[in-house]
Each structure stands twice: as C-alpha cells, then as structure tokens.
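S.K.: Working from the sequences, and respecting the hints, build out all of it.
Residue numbers (this note's numbering), protein chains in the order written: chain A, 1275 to 1433; chain B, 1275 to 1433; chain C, 1275 to 1433.
Check before you lean on any hint, since a few could be wrong.
Straight-line alpha carbon distances no greater than 27 Å define the calculated DSSO-like cross-link-like pairs of lysine-lysine that follow [stated by the list, open to error]: (1) Lys-1278(B) / Lys-1395(B); (2) Lys-1285(C) / Lys-1285(A); (3) Lys-1395(C) / Lys-1278(B); (4) Lys-1424(A) / Lys-1330(C); (5) Lys-1278(B) / Lys-1285(A); (6) Lys-1285(C) / Lys-1424(A); (7) Lys-1329(B) / Lys-1278(B); (8) Lys-1278(C) / Lys-1367(A); (9) Lys-1366(B) / Lys-1329(A); (10) Lys-1367(C) / Lys-1329(B); (11) Lys-1405(A) / Lys-1424(B); (12) Lys-1330(A) / Lys-1395(B); (13) Lys-1278(C) / Lys-1367(C); (14) Lys-1395(C) / Lys-1366(A); (15) Lys-1366(C) / Lys-1330(B); (16) Lys-1366(C) / Lys-1285(B); (17) Lys-1278(B) / Lys-1333(C); (18) Lys-1395(A) / Lys-1367(B); (19) Lys-1330(B) / Lys-1285(A); (20) Lys-1395(B) / Lys-1330(C).
Because the hints were derived from the structure by calculation, they are not lab data.
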Amino acid sequence: MSEKEYPPLEKVSIVISKGSLDGIYPGLIMANGARMEGIDATVFFTFFGLEAILKKRMKKIKVATVGNPAMHMPSLLGMLPGMSAFATSMMKKEMDRLDIPPVDEFIEMLSDAGAELYACKATVEMFHLAKDDFVPQVDAIINVATFYEKSAGAQIIFT
Amino acid sequence: MSEKEYPPLEKVSIVISKGSLDGIYPGLIMANGARMEGIDATVFFTFFGLEAILKKRMKKIKVATVGNPAMHMPSLLGMLPGMSAFATSMMKKEMDRLDIPPVDEFIEMLSDAGAELYACKATVEMFHLAKDDFVPQVDAIINVATFYEKSAGAQIIFT
Amino acid sequence: MSEKEYPPLEKVSIVISKGSLDGIYPGLIMANGARMEGIDATVFFTFFGLEAILKKRMKKIKVATVGNPAMHMPSLLGMLPGMSAFATSMMKKEMDRLDIPPVDEFIEMLSDAGAELYACKATVEMFHLAKDDFVPQVDAIINVATFYEKSAGAQIIFT
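M.R.: Shown next, in the form of structure tokens:
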C-alpha cells in the first residue's frame, strides 16, 4: 500500500440502528474510543437502535442468537426462549470483566466524555415516543437534514 | 467537543445490503434526506438489498422479526409464519401515517429527486438476474471498481 | 445532481462485524475491489466478524437463513437444522462459478494484494482468544484508538 501520510481523523458521526446488544455495543465502543483520542463524536440512534436510550428498554437489551450463525447453536436450540438470555448473561459477564459498562452507564459515560447523542425524529414518531421516554443525556430529537448538518467534516459510520 | 466549523457535506454514497423492510428503509430515508438538502446521493444495491429494486420482489418485503430481540417477541412466537406479516403490516401503517411511501414509490421518488441508483454486478450474476428484472429507475449494473469511482468525494454509508 | 468533479478515493478502512457468509463477504469483496483499483485497504475484524480470520472457524461459516426475510423461506422452514447448510452450499456454488474464493483463500488473496488485516483487541479478549488462533495474514491485534489512527484519510465502511 502507499506510504502516504494523512492528517488524523477529527470527527465521527456514528449511527446506531440495531436493537440487540451485539448491534448496539460496536457503535458505543467506537464513539467512546473516539472521545478517548480527542476525536469529536456524535451518535445518532435510529430504528431499533433507539432501544439503547429508552429509559424502559435500555437495561433489557439482549444478544441476537437466532439468525446469527456465528453463535454456533443449531437453529432450533437458538429458538428456545432461554437461549438469548443465556448468551446475553455470558456476554455481559465477559464485558464486565473487561470493564465495558452496561448500556445505561455507557450512555452516561459517553455524554460525560462530550459525545453528542441524538434520537431520530422519524423513528420517534413511528413508535409514538416522546422526549421524556429517553434518558436525559439525549441532546435532542433531530431529523435527517439536521443529522447531515451535524455530520459535516465527520466520517459517517452506520452500525 | 471542538467548536471547529467544517464545510457542509456535499455527497453521500449509500450501500443497501439487507433485504428486510428495516434493512432497506434507513438507506432510502438517508438518500432522500440528502436530496432534500441538495446533497448528491448515489444508492448502490447489493446482496439481499437488491430486493428493493426487483420488480417481482419490491412489494413483498417484510420486517425481520426472528433474530431481532428489539421486536420484544419471545423467539418461538416470532417464528410463527404470521408474525413477520403482522409486524410488517403494523410498520407499513405507521409509515403511511408519517407519509413515508412504500418501497416501489420511494424508489421512483428518489430517482425523480435526482438520486442515482445502481445494482451490484456480482450479486446480479450470483442470483442469475438481468437488467430487465429491475425497475427502470435503476441507472446501471456496476462493479465494485465503478462504485468506488462514483463514490469519489462522497461519504460512503453501508447500511 | 451536481457535475462537480472530485479527486478519486485513495483509501478505505473496512470493519467486518458479522459472522455469517452474507455478513462477511461484502466487506471482503469491497476490500478486494479497492486493492484492484490501487486504493489502500485496511480491514478490521470485530465482534462475530472475527470468525473470518479464526483458523478453526473460517471454513465453517454459514449463510444466515433465519431472521432474513429475503431468503423467501417461511420462518419455521428456515429453522430446520439443514436449511442454513443448504443455503450456504447454494451460495458457495454460485460464488465458485463467479470465481469468488472461499473465506480462507480470500483472506490470503487480500493479504497478498497488500490489504492490511487487523483483529479487534476488545473482542479478542471477550472471547478469550490469542494471536495464535488467527491465520498468519492477520497483521496485529489492535484497539479502537489504533484503528482510528490507521483510518486517517480513509473512508470508514462498517459492514
């Protein structure tokens, strides 16, 4: 590859669109890693990703076991009601060991670290939600146009 | 975060790779939001995302209920043949209320708004499809090299 | 759309985060397409995407049939233990016809073409893995901070 030097990344705009633990964590971890490096980070929660910032849901998020062949479980086993809970508990234990906080604490940590958190207006309306359903760390409910404005100069990362 | 001002985003290159309603809509909505703001938008349909532009499939796209813990259904319930249809009908009703058009009309609207729509050559060949299987709004079937050429100056957003 | 000319894309930084065949191939194909065009390519494997570079797993990766409505199978049928294997064998046959190599050979080809391959440190620790569990083409196990450093000047594409 080329040896060309580029100026360092200054800003990321991360979209979290999935509602499972394995769908939410990559975006949170990338946002946090950015802030640790002094990179500006905006996180935009949309579709099922809204789960991560909903007061009533954020503590109940599970790993997606069915439909994920990487879990190495025969499909019929993955369907048993307890399996997702089991995989979730395993993953949470491992994350705890690595000092990766649960979703609610992670959101607080990100906000404290200066990341800006936004909920997608269209999804909020589709699911009949209101500002009060979200944790106070959510800066605003914004539409796609505002998302693009806030993403000026950023790498957009859709997770 | 820094208060640095950046020039506005000029162009997005959106890849749609999933074949469920919840996999297709985020990309369509982001492409449309871009055009509304005067941002250039190219949409590249690949893998199961081709569903969105296939004449025979685009009106039959469903929500992925199984393997999506955010649907809040016990896994065995999500498996019942009718559940995906039920979730799909609910989501379509809500989108209709928000004036979000069905996939086929959305594709027409995007094309009318000046978005460029492309199908991925490798996937087209893998699924034994031809140009005629796609809606006329599809500008061309292109390979990855051409995708990168058309993405010059754009934020690439893989959904 | 505007007729503005932009300088060509110089570098991509591709994140592979899913562990199914249909989750892994788009990233591999985009990385390879980049190298073919003289575009620098870095591939970062994280979460279940690690499957693609694990010696013991890379030859056993399957298509996700359950939870993928684009497969056109009734959900209960998709659950039968043999269905994912069947879809996987179909997809592999088609890819072979198109000269798309299996995952292990694809990784070798990418490395030979000059792509840089990295494993995500947090996931490696979460799954109790070590450098020796990975194919020798993996350049290093790196954290998010190093990922951002290596992504300077690149389009980040999260698949």
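S.K.: For each hint, tell me whether it holds in the structure or not.
M.R.: Hint by hint, here is what the structure shows:
no. : hint                      : verdict
1   : Lys-1278(B) / Lys-1395(B) : 41 Å, violated
2   : Lys-1285(C) / Lys-1285(A) : 17 Å, holds
3   : Lys-1395(C) / Lys-1278(B) : 31 Å, violated
4   : Lys-1424(A) / Lys-1330(C) : 43 Å, violated
5   : Lys-1278(B) / Lys-1285(A) : 10 Å, holds
6   : Lys-1285(C) / Lys-1424(A) : 24 Å, holds
7   : Lys-1329(B) / Lys-1278(B) : 46 Å, violated
8   : Lys-1278(C) / Lys-1367(A) : 51 Å, violated
9   : Lys-1366(B) / Lys-1329(A) : 26 Å, holds
10  : Lys-1367(C) / Lys-1329(B) : 26 Å, holds
11  : Lys-1405(A) / Lys-1424(B) : 39 Å, violated
12  : Lys-1330(A) / Lys-1395(B) : 44 Å, violated
13  : Lys-1278(C) / Lys-1367(C) : 42 Å, violated
14  : Lys-1395(C) / Lys-1366(A) : 17 Å, holds
15  : Lys-1366(C) / Lys-1330(B) : 25 Å, holds
16  : Lys-1366(C) / Lys-1285(B) : 35 Å, violated
17  : Lys-1278(B) / Lys-1333(C) : 47 Å, violated
18  : Lys-1395(A) / Lys-1367(B) : 17 Å, holds
19  : Lys-1330(B) / Lys-1285(A) : 42 Å, violated
20  : Lys-1395(B) / Lys-1330(C) : 32 Å, violated
The structure fails hints 1, 3, 4, 7, 8, 11, 12, 13, 16, 17, 19 and 20 (numbered hints given earlier, in ascending order).
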